[in-house]
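Numbering (mature numbering (1 follows the signal peptide of the UniProt record, and there is no 0)), first residue to last: -19 to -1, 1 to 360.
Some clues are possibly wrong.
As the list claims (entries may be wrong) - Quick list of in silico lysine-lysine cross-link-like pairs, DSSO-like style, CA-CA up to 30 Å:
#1 LYS125 - LYS86
#2 LYS6 - LYS87
#3 LYS87 - LYS39
Unchecked claim - Here are the in silico distance ranges between beta carbons for each label pair:
#4 ILE94 - SER60: 39 to 45 Å
#5 THR154 - GLN70: 45 to 51 Å
#6 THR103 - GLY55: 33 to 39 Å
#7 THR137 - TYR11: 22 to 28 Å
#8 GLY192 - THR103: 31 to 37 Å
#9 ALA63 - THR130: 52 to 58 Å
#10 SER60 - ARG123: 30 to 36 Å
#11 LEU203 - GLU224: 44 to 50 Å
#12 THR103 - VAL23: 21 to 27 Å
#13 SER60 - LYS6: 38 to 44 Å
#14 THR141 - ASP26: 44 to 50 Å
Rather than coming from a laboratory, the hints here were simulated on the basis of the structure.
Just so it is clear, CB atoms sit at the ideal spot from N, CA and C, and this is done for glycine as well.
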Amino acid sequence: MPSPEATLVLLLLGALSLAQVLVGKSKDVYGPLTGPVPINIVGIDYRDTVVWKSSDNKHIAKWKDGPVGAIASGFRLLSNKALQVDQNQNMTLIVEVNDVSGTLKKKETIQLIRIETLPKPTISHTCQGTLLEFACFVERGRVKEFTVTKNGTKVTGTTTSTMFNASEEVEATVMVKCIVKNEVGEESHEVAITCNKAAEWDILLIASVAGGGVALIIFIVLLIYCVLRCHELRSASQNSEEEMELSSGIPSHDKRLQRPPGSTIHPRCQSQQQRQLPHPQKRKRRPQQEGVEGQQGMKVTGQGVLQEKRVQSRSAVLEKRAQGQPASQEQTVHSQPVVHQKHPPRLPPHHPSSCSQTSPIPAPRMQQRSHPHHNTARQ
């Protein structure tokens, strides 16, 4: 015969079982925010009778060898005796299962909870040498479980309700896959990540080549600008020299031969100046040309002959002045400066000696413009 303690325990267990049958078990069912949600019953026989009620014990639907009676609005009774909820809201339902004899077999309280479905996750990463730091996260919703793999191997990290963080050492390109799950579904995303020093060097090489190309273009532009600028300055300098020669009437190469009045020339300097002066070649006069000169004086047609005579007369004047002899009137007349349309050939510069430090030789002044009777006397 059992002891009183054992009898008490059996009575308590029986009371709990009876209360569980009368009150019923409670479970949670999750569904999306919108759309129908089916609620299934486990462990029932096809001959059992199923009755669905609301939390306030109102009739919703009944199944006994098929639907019996009316079905409440916003619900549907399926062929497997499950109840489909079309209302987009949270609610509490009660289901009762009776056997063939009408005895209560099961009673459950079901809590319907609607939650937001998850979007496709996003994977972000940063590289520090060969160290890969990445994160998988969702922009909305609540994640129940994160599953992250690297080349098929599961990765561990820190998680929150919306984000997963981890760091791994990598040597080459790796495939990272992230799967997010909750009570109403799951989503996944996979990316290939390259994180090594070679990739960093490639980026630096591309940046260096681009910077070098830009620097080369800038250098070429500056070089072209400098060349054009120097050409403009040289042209301006030549134009200013031409204007000065035209205004003074004396070519620039003749100004080097001018000396102040009363100055003497050293014999050595005189020989150097004579060597630097051009030696004109004597040209034979034609009979017709001599006749014209006899009628018109010493007038000679042609810019080249006049230039040669001027240089020859100036050389003779310089030689006589160096010897202390006065220049003749004819030579003085021929030494008159003439305005040229074109530049004569420039004389080479003096040798760097004591002669280059002396004052320039002045051009002989015009004593008197030639008179017609002088030309007659020369004839």
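Checked hints:
With a CA separation close to 34 Å, the supplied pair LYS125 and LYS86 exceeds the 30 Å bound. The straight-line distance between the Cα atoms of LYS6 and LYS87 is roughly 9 Å, inside the 30 Å bound, and the hint therefore holds. With a CA separation close to 18 Å, the supplied pair LYS87 and LYS39 stays within the 30 Å bound. Checked against the hint of 39 to 45 Å, the C-beta distance between ILE94 and SER60 comes to roughly 25 Å, which is inconsistent with it.
Range check, THR154 to GLN70: Cβ separation about 48 Å, and the 45 to 51 Å hint holds. The supplied range of 33 to 39 Å is met by THR103 and GLY55, whose beta-carbon atoms lie about 37 Å from each other. About 27 Å separates the C-beta atoms of THR137 and TYR11, a value consistent with the hinted range of 22 to 28 Å. For GLY192 and THR103, the Cβ-Cβ distance of about 33 Å falls inside the hinted range of 31 to 37 Å, so the restraint holds.
Between ALA63 and THR130 the beta carbons are some 36 Å apart, a value that contradicts the proposed interval 52 to 58 Å. Between SER60 and ARG123 the beta carbons are some 33 Å apart, a value that agrees with the proposed interval 30 to 36 Å. Between LEU203 and GLU224, the C-beta spacing of about 31 Å breaks the proposed range 44 to 50 Å. Distance hint for THR103 and VAL23: a CB-CB separation of about 38 Å, inconsistent with the stated range 21 to 27 Å.
Between SER60 and LYS6, the C-beta spacing of about 24 Å breaks the proposed range 38 to 44 Å. Distance hint check: the CB atoms of THR141 and ASP26 are about 45 Å apart, consistent with the given range 44 to 50 Å.
Hint compliance for this structure: hints 1, 4, 9, 11, 12 and 13 are broken, all remaining hints hold.
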